[in-house]
Amino acid sequence: MTQETAQLLRLYIVFLPLIFVAGFYCVITTRNLIRTLLGLEILTKAVTLMLALAGYLTGRTAMSQALIITLIVIEVVVIAVAAGVVLNIFRHNNSLDARNIRSLKG
Amino acid sequence: MNGLTLDIFLLAMMTAAAVWTVMRGSLLRAVIALALTSIALTAVMFRLKAPIAAVFELSVCAGLITVVFMSTIALTKPLTHKETLDYTKTRMKRFWLLPVIMALLGSALLYFTIPMDFNLAAPLETAKNFRNILWEERQFDLIGQILVILAGIFGVVVLFKERSKDEPQD
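These protein sequence lines are chains A and B, in that order.
95 is the number that the numbering used here gives to position 95 of the first sequence; each next residue is one higher, with no gaps.
Offset between the second sequence (1-based) and the numbering used here: plus 1000.
This list has only true hints and no planted wrong ones.
Derived, one-sided and incomplete: chain B residues facing chain A with beta-carbon distance under 7 Å:
hint, residue
1, Thr1021
2, Leu1034
3, Met1045
4, Lys1049
5, Ala1050
6, Ala1053
7, Leu1075
8, Met1102
9, Gly1106
10, Leu1134
11, Leu1159
So, partial list: chain B residues that the calculated Cβ filter (under 8 Å) puts toward chain A:
hint, residue
12, Met1014
13, Leu1027
14, Cys1061
15, Leu1064
16, Val1068
17, Ile1073
18, Leu1110
19, Gly1144
20, Gln1145
21, Ala1151
22, Gly1155
Hint data in this document are derived by calculation from the structure and do not stem from the laboratory.
Backbone N, C-alpha and C define an ideal beta-carbon position, used for all residues, glycine too.
Given these sequences and hints, build the entire structure.
Right, here's the structure in full:
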């Protein structure tokens, strides 16, 4: 590993967990359903960055880009469906608070 | 500005935008911060020699997903002034810990050195470009993507289906 690559890897080792922690903290702490989706998005961004870095370091950028595009497609579909679920929950409960949906039946 | 400084600047910007997304009280501003995170990620991906994925990220994540979030926020009821004040107070109690955790984790990651003496895999695909990989090696991924998109369309149609008056409410 060259000196330049080692420096780059070290830089990402510092920043990537920070982004991941921000997203994870958002998901576990918030009570707002839309904000939970925002946390999920941040987590996905950290994973995307990890894939791009892995592709760059191993020299397999084409493969990493193919995987990133698959990830982005899945991310969009998940967010679109989850936003629809959130809207339906809002119509039923008139609230976006996650505590209101703990007593779901059926 | 050399390459490493630019990388540090972009990653710091991305992290700051991610923290802003989490900490921001207004949902609309949080979504704008998320779009900024996507833009910073796009720039980082260009630096990591992934331009096609970067363009995809910019158009889909910074564009489409922001629109989806804004539409969702627009279709829900905003809080009243009193509710907003109460919410802000309780929010700060729950979220003040995040900057502390991040500062501690960042310091720990800077302090502890990780051995970098491992070998990375040799470049295997120098002759192959993105098109070859996507359409020849990863064909199964494309089938998966199409199925996921169809499942998403089906899900959205079911969720927003108009119910007839005779149909019992859940």
